[in-house]
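Each chain is listed here by its residues.
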Amino acid sequence: MKDMESIVIRGRGAIPGIASGPAMVCRETIQGWSGIDEATGKVIEKGHPAEGQTIRDVVLVLSGGKGSNGWSSHFHAARIRGISPCALVLPKIDSRTGVAAVVCGVPTVVDLEEDPFKVIENGDLVTVDGTSGTVTIRKA
Amino acid sequence: MHLSDEELKTLDGQCGPLKQKALEFIVKYANVLGAESLCRVSKAHLFCGAHHYLEAVRAKDMDEVMSEMWFCSPDKTPFDTVGCFSQSDCSPVDHLNWARMGCSEDEFRKNEQYLDRCLKAGVHLVGSCVPYMTGFIPVRGEHYVTTESHAVLMMNSLWGACANADGIEAAFCSAVCARTPLWGMHVPESRKGTHLFSLTCKPETVEDWDLLGYAVGLRLPPHSVPILAGNVEGADMVRLKSCFAAMATTSGPELCHILGITPEAPTLAACLSPSGLEDRVEIGARQLREAREILCDQQAGEVDYVSLGCPHYSIDQISEAASFLEGRKIHPGTTLHVWTALPIKAVADRCGYTKTIEDAGGTLMVGSCPLVSERWPAGTRAMAFDSAKQAHYIKPLTSAKVFFGNASECLEAAISGNWGR
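Chains as they are written, first to last, in the numbering used here: chain G, 1 to 140; chain F, 1001 to 1421.
These are calculated hints, taken from the structure and not from any lab test.
Treat the numbers as computed from the prediction; the structure is a model and nothing was measured.
Beta carbons are placed, not taken as given, at the ideal position from N, Cα and C, and that holds for glycine.
One or more of the hints may lead you astray.
Cβ pair distances, simulated, as ranges [unchecked claim]: (1) F/K1202 to G/K92: 32 to 40 Å; (2) F/V1139 to G/E51: 38 to 46 Å; (3) G/V8 to F/Q1299: 46 to 54 Å.
BS3-like cross-link-like pairs, simulated, lysine-lysine; straight-line CA separation at most 27 Å [as the list claims (entries may be wrong)]: (4) G/K92 to G/K118; (5) F/K1110 to F/K1120; (6) G/K42 to G/K92; (7) F/K1395 to G/K42; (8) F/K1076 to F/K1009; (9) G/K46 to F/K1060; (10) F/K1076 to F/K1060; (11) F/K1060 to G/K92; (12) F/K1355 to F/K1395.
From just these sequences and the hints, can you work out the full model?
Below you can see the structure in the form of structure tokens.
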């Protein structure tokens, strides 16, 4: 659905609540070990398109998890240090990102009806409504 | 979501606060996944120990740290019971040779306190990433949890057992409440192959299989189930543990069919997704060569540290390393660690392999690895691994050179103190 100002993608609300922030779009999965620096929230995976960017206060649009089964623990340790995405958009849920969503506890929409990677770009202002299951995008 | 009477009683607190917290987490997780019910877990393999990531919690009280990081509960809820057969994964400390890792006595004692709490809760302190080599063998259709990524691939693929790559919090919670969401690999329909990888070369050595796993993972999209086909006759447990460790490094599969070898893949038709293949990929000698080029620093040079045994070595791999080192000496400026599980070391002790490695100047280590401990000798400028997983993950953590090669290359480097000269 598209109007003059915003685009709405529907999915399944997984963690309730509403949050907005700039999009950080990761079509490439992020690895567990050596994927995210827990002290800064920066992606440290060598060669990752988002290497050097931080997950702090962004709407993280992420294709999925890979690598260590301890994937969620890195998000968990970062959250304890006060570093977390403000919301999660997971186009297709999997076990690694599913646990991370519970651990982060931020509004989360999963299993989207449209491909968000065709719509959302880095820096777009995105509002995630994890109660109704909608993702609203205002282009940067 | 459908919950049984027993599960409702647990959520109501009738089975104690720990089981209540654990099941609350699992129900939240099931809701995120979209699962409609839970299934009973009979085995749990758990990342026990005073791992570095726990330091995010500033509390000194061990129970507060465990409550937050293992059970996602800000309320202190002591870990005092498990609801199924449980054994421990790697910890950050070798409890026998901790000083040789560079651990302080305080770090050793702290880790022991965490492990002691796990033991009292009912977790067997095996301390290994290869639970399937130490008595943790779920059968076809059995539901289990594990905190080790390659162990999921091994036990799901080779025996048809059922687990997802859930993560540490979910694994601890499942161990306590003996439940996990009935979703993903726990459901037969989700276990069908989506991507066919045809091998145009014949992987033979452990290194070949390691590189194969790495190369497949680089080409495998998320949410996929790979099928390996052609030239797979050389697969065995040692080769597959390396293959799957590498595959679960560069990608996230929870099951890998091997045509004609794994039980759910007697034929392509039997293991194929009803919607058909999403992609076909050929993997040959060139792809393996490219994987090695990614993993191994291309400049020859001195080596300070050599680490073998990721995943933990089997007894025959230890035997081979000991044979290689028989009558030889490690370079005085180089440290050699060979990692395995405690029960396997007991056999190595009995057979004399441990002494042979020690006589050469190396150490047979247990219960950890450089990646889990985030430790290598102070001042290391170059290190060598016979594991794609270790080389891949440690590169971003160090400014030291990282070399990757087969066990013989690594042992030669340990003896000469040099790589590639």
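Now for the hints, and whether the structure bears them out:
1. F/K1202 to G/K92: 32 to 40 Å: Given a distance of about 35 Å, which is inside 32 to 40 Å, the answer is holds.
2. F/V1139 to G/E51: 38 to 46 Å: 42 Å, holds
3. G/V8 to F/Q1299: 46 to 54 Å: 53 Å, holds
4. G/K92 to G/K118: 15 Å, holds
5. F/K1110 to F/K1120: Cα-Cα ~16 Å, so holds.
6. G/K42 to G/K92: Given that 27 Å is the threshold and the Cα spacing comes to 23 Å, the pair holds.
7. F/K1395 to G/K42: 16 Å, holds
8. F/K1076 to F/K1009: 21 Å, holds
9. G/K46 to F/K1060: 34 Å, violated
10. F/K1076 to F/K1060: Holds: F/K1076 and F/K1060 sit about 12 Å apart, inside 27 Å.
11. F/K1060 to G/K92: 38 Å, violated
12. F/K1355 to F/K1395: At roughly 31 Å apart (the allowed maximum being 27 Å), F/K1395 and F/K1355 break the hint.
Checked against the numbered hints given earlier, the structure breaks hints 9, 11 and 12 and satisfies all the rest.
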